[in-house]
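*Asks:* For reference, the chains in residue letters:
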Amino acid sequence: MRIGVVTFPGSLDDRDAARAVRLAGGEAVALWHGDADLRNVDAVVLPGGFSYGDYLRCGAISRFAPVMSEIVSAAGGGLPVLGICNGFQILCESHLLPGALTRNDHLHFICRDQRLRIEDTTSAWTADYAQGQEIVVPLKNGEGCFVADEHTLDALEGEGRVIARYVGVNPNGSRRDIAGIRNARGNVVGLMPHPEHAVEELTGPTTDGLGFFTSILHSVVNA
Amino acid sequence: MARVVVDVMLKPEILDPQGRAVQGALGRLGIEGVLDVRQGKQFVIELEGEVTAERREQLHALASELLCNPVIEDFILIVEGDE
Chain W
0 MRIGVVTFPG SLDDRDAARA VRLAGGEAVA LWHGDADLRN VDAVVLPGGF
50 SYGDYLRCGA ISRFAPVMSE IVSAAGGGLP VLGICNGFQI LCESHLLPGA
100 LTRNDHLHFI CRDQRLRIED TTSAWTADYA QGQEIVVPLK NGEGCFVADE
150 HTLDALEGEG RVIARYVGVN PNGSRRDIAG IRNARGNVVG LMPHPEHAVE
200 ELTGPTTDGL GFFTSILHSV VNA
Chain S
0 MARVVVDVML KPEILDPQGR AVQGALGRLG IEGVLDVRQG KQFVIELEGE
50 VTAERREQLH ALASELLCNP VIEDFILIVE GDE
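Protein chains in written order, with numbering that gives the first Met the number 0: chain W, 0 to 222; chain S, 0 to 82.
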């Protein structure tokens, strides 16, 4: 199972994402932002970081990277894509997911272990979780406040497309405590917290994040 | 040479925590009566030659696809010299 992890200039978490893929039992394949080539991967992770220095808006310039045109068209054909943090911002800027991620309402960069509730287990990336399961994974962002108009928020909730919500504390002012969403088909998922940093007891607060990466291996096998 | 200015502002319904922080600082400077502050971006683009109708269309596409995110922002594009 080949899971691509894209490196943009300014990506930070590509190595951790690749490591999470390997720990889950997959083969991590490095993808380069400047190459319009997905190297026959079965799924793609857009990792966290500050691609292009977050210039203009987070994810706005990455959207036009050669690798992204390939990803946008492959995602339209059903390729599973997970965007974490900066990756989520890129997915919104690319219009693969609705809404936008804006400056945290309190203006501070936040880094903490965050409790989430998994609300949808039908997506390619959340199938290994139980509905309503609570997990704790690291969260670290300055621009993680998810916003969308009321109609879009109602549609996301009505169609079960909110995949995870913040529990206890809303760390960034996200509308309706939304931490992650998916597209209608369920192959594209964006998540602000970092499951790839919670895959080993030695380095993470839990191993709760591993489920995203085992889910995709199972989803691709069953597809 | 032509000069084009694009102003990008958060939509009125989008919370602007940076603008709010600036407003708070104005209060601390003793400037009274400030009802609201919104922070935006300005792009100044210099172009060779004249801004033709086709060029103008390209600039609008640039503004709406790259300079501004229409989910959260509006833009105003002004070609200098326009009435």
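One or more hints might be untrue.
Stated by the list, open to error - Examples of chain W residues lying across from chain S (beta carbon under 8 Å, computed):
{"#": "1", "residue": "D53"}
{"#": "2", "residue": "R56"}
{"#": "3", "residue": "A59"}
{"#": "4", "residue": "A99"}
{"#": "5", "residue": "R102"}
{"#": "6", "residue": "L106"}
{"#": "7", "residue": "A147"}
{"#": "8", "residue": "H150"}
Said to hold, decoys possible - No farther apart than 27 Å at their CA atoms in a straight line, the calculated lysine-lysine pairs in the BS3-like style are these:
{"#": "9", "chain 1": "S", "residue 1": "K40", "chain 2": "S", "residue 2": "K10"}
{"#": "10", "chain 1": "W", "residue 1": "K139", "chain 2": "S", "residue 2": "K10"}
{"#": "11", "chain 1": "W", "residue 1": "K139", "chain 2": "S", "residue 2": "K40"}
Because the hints were derived from the structure by calculation, they are not lab data. We put the CB at the ideal spot given by N, CA and C, even for glycine.
*Asks:* Taking the hints in turn, state whether each one holds.
*Replies:* Verification of the hints:
no.	hint	verdict
1	D53	violated, 13 Å
2	R56	holds, 6 Å
3	A59	holds, 7 Å
4	A99	holds, 4 Å
5	R102	holds, 5 Å
6	L106	holds, 5 Å
7	A147	holds, 7 Å
8	H150	violated, 12 Å
9	S/K40 to S/K10	holds, 13 Å
10	W/K139 to S/K10	holds, 26 Å
11	W/K139 to S/K40	holds, 25 Å
The structure fails to meet hints 1, 8 from the earlier list, while all remaining hints are met.
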